[in-house]
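Visitor: Below are the chains, spelled out letter by letter.
Number of protein chains: 2
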Amino acid sequence: MKFVIDMMGGDNGVETTIGAVKEFLKLHDDVEFFCIGNVESLKPLEGTPRVTIVPSKEVLKMDVDPMEAMHKHEASLNIAMDTYIKEKCDCLVSAGSTGALVSEGVFKIRRLPGIKRPCLVSPFPTVIKGKKFVCADLGANIENTSENLVQFAKITSIFYRLAYNVENPKVYLLNNGTEEEKGNALMKETYQLLKNDSSINFIGNMEAREPLNGECDVLITDGFTGNIFLKSTEGACKAMSNLIKRSFKTNLLTKIGYLFSKKGFKDMSETMDYKSTGGAMLLGVNGLLIKAHGSSDVRTFVSSLKIGYKLAKSDVVNKIKENL
Amino acid sequence: MKFVIDMMGGDNGVETTIGAVKEFLKLHDDVEFFCIGNVESLKPLEGTPRVTIVPSKEVLKMDVDPMEAMHKHEASLNIAMDTYIKEKCDCLVSAGSTGALVSEGVFKIRRLPGIKRPCLVSPFPTVIKGKKFVCADLGANIENTSENLVQFAKITSIFYRLAYNVENPKVYLLNNGTEEEKGNALMKETYQLLKNDSSINFIGNMEAREPLNGECDVLITDGFTGNIFLKSTEGACKAMSNLIKRSFKTNLLTKIGYLFSKKGFKDMSETMDYKSTGGAMLLGVNGLLIKAHGSSDVRTFVSSLKIGYKLAKSDVVNKIKENL
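One line per chain: the protein sequences are A and B, in this order. FYI, my numbering numbers position 224 of the first sequence as 224, with every residue one higher than the one before it. FYI, my numbering numbers position 234 of the second sequence as 234, with every residue one higher than the one before it.
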């Protein structure tokens, strides 16, 4: 299996990506890496078996204009895309700019036949142990049509079925109320299209306080709203974790309490830890492109590599193509 | 001070509203209540000092069409509005349909001069003890123009200043990135208007994972996105609380842990408890209308009454009028 890694993307520099590649090599002996980046910075990887360093001269900024990004042929993400094609790789991972990944992905790797827009999807944890749901679009797009949203529902349903072995994934539309007539113009229109599409197991609208309860498999929304949903959830979970940690430090008794309940809390934080599910897939393009969290640390980046490995093994892109 | 209460709105029936009125009467001796509802159901309040029961025959459903609601003259919310005007009340509280409250509010109580659309605002807790921020609009509208959003920023800034004694509240726009050029067409347009309005202390865009960290005072967004932000945050906090409780029940050691750390956890849950901040105010109308949470219990409804009391005492509606 061949992975190509944009070593330069992300906020935390090459130490993170180098650390993650090294760790992942220990876990799997059937993967080889093409590591794209500044040759000087990647020195620690030199001579590592199953690693090919491919030099790049530029790094795209996190807020780069996607159109501008396409002209920076020497940037690590662009060379990663070229390498993906040239070496017939199975997976590309980058923690860099989402906008650039989407535009480069569409431009170089191309969309799947019939798909107008790709979408970013990622699994979310729920309060039900082991149960995850997948939300699309988490921000590959800023504005979407109802036709886009129906396509997201189709490809994400196929993705969910393949990734979680669920025959008929339950699809919900993220909305401001559960009744059929709720929502802005886009959501009202999308509701009707989803309802009348027999290839989608559409259940109805879902309010934003519900998904973590585990009833839904596939949650559909436009890229702007998906971004708000993802980050609100992330922010609230993080705030709660911080408050819990602070609570434990209150006094000697709470510190003792922590010692006694540590194990339970480890379980809890793992259930809700966005770091262990980190990594969104760009669905709808003719390749396996993984967007790792911009602020990835080694552990998060490794879990993005793990997601890529699992999806590449299951040949997800070809299976979606066959099922479309 | 005169309060009018829609006793019939909300999911949990009159026991909740009756319980809340009784409890509130004990806390404040300067308030009298007009309680609107079914006379039979309100029997337990009969003869209570400082309580006038005003009969109503109908109850608006939570999903009532706002236009239809206006024609149901015998509905508890409509009679509450009429009573508010007739008795020159200081505050109206309802846990019923948001849509109906907004349309009735605009139709009967009227908008403040120059204000095109009212907005629902509510305080959110943050990880900084005692610090709250206020978000508008939480769902009085489904779709907004940039002009609406600038008006929300203006009236919510005045509201924040009055409610929290902060001279120049820091205003942020909820967006999918911090850079100036981020967002959909509405957010880009609003950014420019806010930036060029010297009456607003506009700092910039804020991503949805940030507000709970306490940096922002006033968070501006359209009604659809605000609803998603509010409910995502609520859902995530609730999921975390449930997981914490479950963690404590894991085994004997974690149960002992709970006994030791109980106090700290009480602090934490109070910080993040949406029940104790429950109640959004409809800002931009010529009266003090409070929307209590649809699923209010007695405690939540009492806190909505408390918010109403505090805002009525500070004469917030007239002060906003003066400041506009």
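Possibly wrong hints are sitting among the right ones.
For chains that are exact copies, the list does not tell them apart, and a pair is met inside one copy or across any two.
To be verified - Distance condition first, Cα-Cα at most 16 angstroms in a straight line; then the derived EDC-like pairs of lysine to aspartate or glutamate:
no.	residue 1	residue 2
1	238	207
2	238	210
3	129	68
4	108	23
5	255	322
6	310	207
7	61	179
8	249	267
9	255	267
10	245	270
11	245	267
12	61	181
Just so you know, these hints were derived from the structure itself, not from any lab.
Visitor: If the cut is 16 angstroms between Cα atoms, do residue 255 and residue 267 qualify within a copy, between copies, both or neither?
Guide: between (18 angstroms within a copy, 15 angstroms between copies)
Visitor: Evaluate residue 255 and residue 322 at a C-alpha cut-off of 16 angstroms and name the case that applies: within, between, both or neither.
Guide: neither (56 angstroms within a copy, 52 angstroms between copies)
Visitor: Under a CA distance limit of 16 angstroms, which applies to residue 238 and residue 210: within one copy, between copies, both, or neither?
Guide: This pair counts as between: shortest inter-copy Cα distance 10 angstroms, intra-copy 18 angstroms.
Visitor: How would you label the pair residue 108, residue 23 (within, between, both, or neither) given a Cα cut-off of 16 angstroms?
Guide: Neither. Shortest intra-copy (30 angstroms) and inter-copy (66 angstroms) distances fail the 16 angstroms Cα cut-off.
Visitor: Evaluate residue 245 and residue 267 at a C-alpha cut-off of 16 angstroms and name the case that applies: within, between, both or neither.
Guide: both (15 angstroms within a copy, 12 angstroms between copies)
Visitor: Treating 16 angstroms as the Cα threshold, decide for residue 249 and residue 267: within, between, both or neither.
Guide: Intra 19 angstroms, inter 12 angstroms, cutoff 16 angstroms: inter-copy only.
Visitor: What label fits residue 61 with residue 181 when the C-alpha limit is 16 angstroms: within, between, both, or neither?
Guide: between (42 angstroms within a copy, 15 angstroms between copies)
Visitor: With identical chains, the pair residue 238 and residue 207 could be close in the same copy or across copies; at 16 angstroms between alpha carbons, which is it: within, between, both, or neither?
Guide: between (21 angstroms within a copy, 14 angstroms between copies)
Visitor: Taking 16 angstroms as the upper bound on the Cα-Cα distance, should residue 61 and residue 179 be classified as within, between, both, or neither?
Guide: between (42 angstroms within a copy, 12 angstroms between copies)
Visitor: With 16 angstroms as the alpha-carbon cut-off, assign the pair residue 310 and residue 207 to within, between, both or neither.
Guide: So residue 310 and residue 207 fail the 16 angstroms test inside a copy (31 angstroms) and across (31 angstroms) alike.
Visitor: Go through the copies and call it for residue 245 and residue 270: within, between, both or neither, with a Cα cutoff of 16 angstroms.
Guide: Classified as both; 15 angstroms inside a copy, 15 angstroms across copies.
Visitor: For the identical chains here, do residue 129 and residue 68 meet the 16 angstroms Cα criterion within one copy, between copies, both, or neither?
Guide: Neither, since 43 angstroms and 44 angstroms both go past 16 angstroms.
In summary, the numbered hints that this structure violates are 3, 4, 5 and 6.
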